[in-house]
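Letter by letter, the chains look like this.
There are 4 protein chains.
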Amino acid sequence: MSADRFERIDRLPFEKVFKDPVHDYIHVRHRIILDLIDTKEFQRLRRIKQLGTAQFTFHGAEHSRFSHSLGVYEITRKIVDMFERNYPDEWDPSMRLVTLCAALLHDLGHGPFSHTFEKIIGSDHEKFTTDIILSEETEIHEVLSRVSPDFPNQVASVITKEHKNPQVVQLISSQIDADRMDYLQRDAFFTGATYGAFDLSRILRVIRPYKHGIAFQYQGMHAVEDYIVSRFQMYMQVYFHPASRGMEVTLDRLLYRAKSLYQEENLYPHFTLLDPFFKDKYTIEDYLRLDDSVLQTAINLWTTSDDAYLSELSTMFLNRRPFKSVAYEKGQDESIVEKLRDIVGNLKYDKELFTRINSSSDLPYDYKLKSKTPIHLMYADGTLIELSEASPIVKSLSGNLHGDHRLYVPKEFLEDNQKNKEVSMFQEDYDEFQKYIINDRIKNPNKN
Amino acid sequence: MSADRFERIDRLPFEKVFKDPVHDYIHVRHRIILDLIDTKEFQRLRRIKQLGTAQFTFHGAEHSRFSHSLGVYEITRKIVDMFERNYPDEWDPSMRLVTLCAALLHDLGHGPFSHTFEKIIGSDHEKFTTDIILSEETEIHEVLSRVSPDFPNQVASVITKEHKNPQVVQLISSQIDADRMDYLQRDAFFTGATYGAFDLSRILRVIRPYKHGIAFQYQGMHAVEDYIVSRFQMYMQVYFHPASRGMEVTLDRLLYRAKSLYQEENLYPHFTLLDPFFKDKYTIEDYLRLDDSVLQTAINLWTTSDDAYLSELSTMFLNRRPFKSVAYEKGQDESIVEKLRDIVGNLKYDKELFTRINSSSDLPYDYKLKSKTPIHLMYADGTLIELSEASPIVKSLSGNLHGDHRLYVPKEFLEDNQKNKEVSMFQEDYDEFQKYIINDRIKNPNKN
Amino acid sequence: MSADRFERIDRLPFEKVFKDPVHDYIHVRHRIILDLIDTKEFQRLRRIKQLGTAQFTFHGAEHSRFSHSLGVYEITRKIVDMFERNYPDEWDPSMRLVTLCAALLHDLGHGPFSHTFEKIIGSDHEKFTTDIILSEETEIHEVLSRVSPDFPNQVASVITKEHKNPQVVQLISSQIDADRMDYLQRDAFFTGATYGAFDLSRILRVIRPYKHGIAFQYQGMHAVEDYIVSRFQMYMQVYFHPASRGMEVTLDRLLYRAKSLYQEENLYPHFTLLDPFFKDKYTIEDYLRLDDSVLQTAINLWTTSDDAYLSELSTMFLNRRPFKSVAYEKGQDESIVEKLRDIVGNLKYDKELFTRINSSSDLPYDYKLKSKTPIHLMYADGTLIELSEASPIVKSLSGNLHGDHRLYVPKEFLEDNQKNKEVSMFQEDYDEFQKYIINDRIKNPNKN
Amino acid sequence: MSADRFERIDRLPFEKVFKDPVHDYIHVRHRIILDLIDTKEFQRLRRIKQLGTAQFTFHGAEHSRFSHSLGVYEITRKIVDMFERNYPDEWDPSMRLVTLCAALLHDLGHGPFSHTFEKIIGSDHEKFTTDIILSEETEIHEVLSRVSPDFPNQVASVITKEHKNPQVVQLISSQIDADRMDYLQRDAFFTGATYGAFDLSRILRVIRPYKHGIAFQYQGMHAVEDYIVSRFQMYMQVYFHPASRGMEVTLDRLLYRAKSLYQEENLYPHFTLLDPFFKDKYTIEDYLRLDDSVLQTAINLWTTSDDAYLSELSTMFLNRRPFKSVAYEKGQDESIVEKLRDIVGNLKYDKELFTRINSSSDLPYDYKLKSKTPIHLMYADGTLIELSEASPIVKSLSGNLHGDHRLYVPKEFLEDNQKNKEVSMFQEDYDEFQKYIINDRIKNPNKN
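Residue numbers (full-length UniProt numbering), protein chains in the order written: chain A, 1 to 448; chain B, 1 to 448; chain C, 1 to 448; chain D, 1 to 448.
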């Protein structure tokens, strides 16, 4: 059956809604969307938090990838509806279903605390997403196949950016796509960070399809500009927050320790659902049984491990007592950083497990990199202009990495009330360490 | 040390804040509050969702008891600040710390999906809360003891309503207390349910202490009235939602099955952290290791149990495929309900495990019950008037239970598209069952 | 041309929007709507404030009837769009234009501070609205006539409730219509009164046409109930606020004085734009030149009138120094009220000009009065149930007038710091007056 | 009496509040503030709209300078409270009253549609503000003098930036002061422009006094940066909107015409309250009788003037039919602009009255101009860093004027549907005019 024909017979007699605090309602008008939401693979996203360790800094940010995925779907639906109404010559209506499905499913392959966990298992969530869509054993695949045998492939090709229609691809992944638009709004809502707000409804009015993809009417320039700034602000103030990264470092070190123990010594209590990943031998089915709960429960169990390191790191994570950090200048203060790591390592701590460098960096916008489609504004006569040419603010952020480099160590070394406490065996080391900390940064005390 | 003196030396040089999407900021001005938040027992509340199974109906409502507890603290702090400023003759400032601590800790004893789980283990969260505060082994107890040896007792007595100062008790638990004010606002925010909103800042202006407790200035009557209506609306529309209760019933049945298996046959895979509870022999320490993750992970493991019932119920819960329900009139249609249960039980289903009656009921406001302190309004000259006397709306809700009675069954029996599906072995039973369902309620088809 | 055909050729190639703080955007898809907005009669509504004297109590509430009219249009448009999509059998699509136009124009005849001014000139805004629509001299009439010669009549008949289609009439005026839904939301937004919020988007989902008008799906009952309560709250807390009514009384007395002077003595400075109304001989054209500015400027000029009473009352209004008030029990304390009026009148004040009784009353909901269409809920099978039968809260408000009776007097008599001031010639009268004021109400001090 | 002592005895027993939709409540704790608000000069601000002609583009933006002034007071109060609590060594508490009064009164001298009207009368609102404060005939002066005979002078000196305490001056006027913080939030709220939102509560946490004025803690850098961007966005999208400027140009031309007629020919209907200004001979008392209503009523009367130009321009303004505009490149296309003006002038239009150039420009931030205090961030050790050094975004906006140059003409020349209308005598001129309009800008069609 053609996607077109399927779309018509698949329509629900009455639209169904999900109440959403960000978009008010998520509107579903096709049975296939409902059925995708009801699959066990999609329901699993309820058990994966959207922001990973940021919930430990912004306590309101406890929302899941499930909510976010519905939001991306809803924004995409609104855009597609508008395209069908206003741009019948530029937009192909037979793209409707594949676009909506890709929007809904684009995060399907995320696992618990993705960024950290993926490093441990050496894979990534985009690969998992397409695997889940294409595997014949998933409910997702079964539902998608109802449209046509090739439909799962089509949906996957949007996510891998190989789909032949550039409009569809750019709606789902580009520098201003439905994914980013939802997560900025949603993360701002749940953290309480007002600077993440931008004028979504204005952007949804000026976005438009054209031959080579997606552009924005020129008069909407400031709304797009403001979106770039909001995104930048969210990275600087929320996503890169030092405390969240302290939890990430703690999690990274404890998973590293657990895996080493498993592989080298087999010392720690086995945990059925994680075993395949420590063995580096897992299937999609194994992966789909993972969620935040599984990881947290394993860590819960490890707090009583016989291995003192694993037990301590697990306790730090479970009870939110992360490493603390201090920033330094890359390419200048590395030697001091090494000196500080040694101070820590010389005490009871294992240097590799208890000190860590963490760098954050984001490219708020770029128009030169091959891998990034530039954002284009369109004049009344169809001429295009690249965003940073029209906006000095965006130009100031373009092509520059933003973020910082931080050294993470046990918190004792960075608490300022050390001296008020009873005399400590670490006092000397603490003082030596603190010599290099000036205005909350690592600095060479002899320079400047 | 006197609480008063401790309070002064315990003040932070600079207040610390937590960003909160509901109250903007949570303001902390005492070290003891920070230290309580940092205990492992309080951090555990991050892993307990506030609304239990309601998250499966309102996908935004994924917030934890941790957020809520901070919110209750913040509302209480605002009230206490105002009392100190405006009512120096009626409010005893030495009550500050005990009130704030009780506000922060009042939910400490909640476990995973409290209402359902507590039924299985035969205890309740209020008991756990005081146990945690009073046990000498907890970090909470240690921090509280810093104020004075008796301070943990004082805090606990607020929660058990035995504290001698009725103002303190009523701030934390009464028909309009800081707990309810926070959860209504918070749950409304996260579900997106606008009807839960009421004028918190107005209520915080008209609340006042008097000799026998807490009252509200008469001119604030309509704000209090609106709070009662908002609370009623949240119960009717959110807390009693049939779909959430369907998940609750599913969870109840699966835990019941798991415990039976454990006790009678020892058939299912052991799960260290739950074992003490199935044995009915647990300590506070055992309890403090529980959280939503532990329960969800156990259910995750049970989806592959050898016991077909446990496996099916676990799968229903994990993948959000709950029982469906239909309302009936109590004291009138019980015999039909039994007939319908038999129809289900006569098929492959176990009647006790796969059909269930669930009743919800709430008393929005009462002024006659001994156990409930009435809400009082105070005139300029100090005279009191009970709320429902002043408000016909509140009178209409007073003393009446609201809620309904529903029969839960496997969803096949209540889906309306049964006939469109391929011919089913259940068709006849389905038709028989449906005969009694009129306008989405159980009705006797022969009566009108 | 048929309305249907006109509607098609009248569509704009691209919808136009107006940014609105309440509804985000007002969406216009027909040229006729744009042209109506651009008429001078509709633009005049920018110069008429929506809430009259309430702006003097709630300083944010400075919005105009122009904003409100756009809002009523937008809500109606959303409903009509939904009816066309979901109820093709119940809703006649040829009603679209007449419904939208009536929604937009329903308040066209409002003048400055309507309620007060209308009493002085002895007419009412509904009459003016239809006159403006039907008069061949207005731009409004000209634009409407483009659809068909009879179209102005059709639009007017919706506003007078004589249109033959009950659905159209009830959308624009009934106990839950687009007019009320907009003003509650809007007034709540601009005053800052949170209790005015209700779940508009939910109501817009459950509203539905049926043979005899408009009903609401049964499952939306609580949303409708909450709307009734919000409306009640806005009346009690905003619309009936004693201070706003104090400004209303002041305005009423000064207009009364000005008109008397004009008619009897011709003493005050003429003011061209008002003269026709003091002569009781005005045309529609005269009326359309009035706005808040004209009235305020007249009052501004009258502050320097030779007539001491007019000058004093005008100064009180212009500088916001209204009469103050005290409530009393009707049918019980009238004799005391008269006594109090005499105390005031015996001093330098004219009793008729400087004391006034003001009664407010609203019927939040009624189902018995012929003039009011009851609100109906509809079950799945089409059966109807009247709202107050389903909701005890609504029942408690039904059929009862709410509001109060207040005596307004010069503020000196009701300020409590009288005694702290220098000895006053009024001290004795003040004391006599105050004897009857107990707990901010008029009471007989010898009773009870 | 010392300001200090006065402050203590002036405190209200109970704080009074004004409900505000932006700040929730405005909190007043001193009688003097209440009394200032109650003066007739301050009440006049209710009749002066905050945004002048922007209300004609953003219909929600009908708020007054009264609301804004209360908002500036409230933000200042919050800052002063925080300074007193947290910076006892850096902030002088005897500055409290003078700071609050200056905040409240800083806009007192604004007249109707200030920017345009001031050009006509050749004065400015800052001069009027200090005149009103210092004049012995105003109620404002009388209330302020209660503190001490010199107090009015002190308040005025804050507004003229001559007060000796730089902290007080910078709180009220600098590149990030209470005035701007309120108007950005407020204008964003009432227009519905989300991009105007910034994190006010965060800024209120990081602002701090130091020896030479006001600085911001370094960790609040991004919040300050975001404020600069929000301000820029509001200028680009709201304050500089071409349609609002079209109304401004219309108003400017009509006032210019009216004054010329008055002075040269005495032709138009006298209007008592405006006469002194057309004579260029007015007192403070004359000025204080002006408000938006007076101007609008004059224009209302002038729509029937015998002078055809005055009547047409007045009608355009009253009925919101402003000039339309097109942008051009300054220093490049002036000759084309002149040519276009001639095309208009050669028709029935007077060139000086019916064509007009309007340039907008704003300096979002500057750190070099003597007249502007740079924004400083402060490190933990007290070192300062200028904002644009720390933020590349701010650097990109620093020292550059933003805005544009537009030619305003009768709308016939810029409407695109000219050709669809009946054959017009202007067709040829219209075509000639349109030749130079490319992509909505004036361009030389022969170049590029």
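Mixed in with the good hints there might be a few duds.
Copies of the same chain look alike in the list, so a pair counts if it fits in one copy or across any two.
Each computed PhoX-like pair below joins lysine-lysine, with the alpha-carbon atoms no more than 20 Å apart [as the list claims (entries may be wrong)]:
1) Lys279 / Lys259
2) Lys259 / Lys443
3) Lys281 / Lys161
4) Lys259 / Lys119
5) Lys16 / Lys324
Keep in mind the hints are simulated off the structure, nothing from the lab.
Here is how each hint holds up against the structure:
1. Lys279 / Lys259: For Lys279 and Lys259, only the intra-copy Cα distance (8 Å) is at most 20 Å; the inter-copy one is 33 Å.
2. Lys259 / Lys443: Classified as neither: same-chain Cα gap 35 Å, cross-chain 60 Å, threshold 20 Å.
3. Lys281 / Lys161: neither (28 Å within a copy, 56 Å between copies)
4. Lys259 / Lys119: Within one copy only: 12 Å inside, 38 Å across.
5. Lys16 / Lys324: Intra 47 Å, inter 17 Å, cutoff 20 Å: inter-copy only.
This entry does not satisfy hints 2, 3, going by the numbered hints stated previously.
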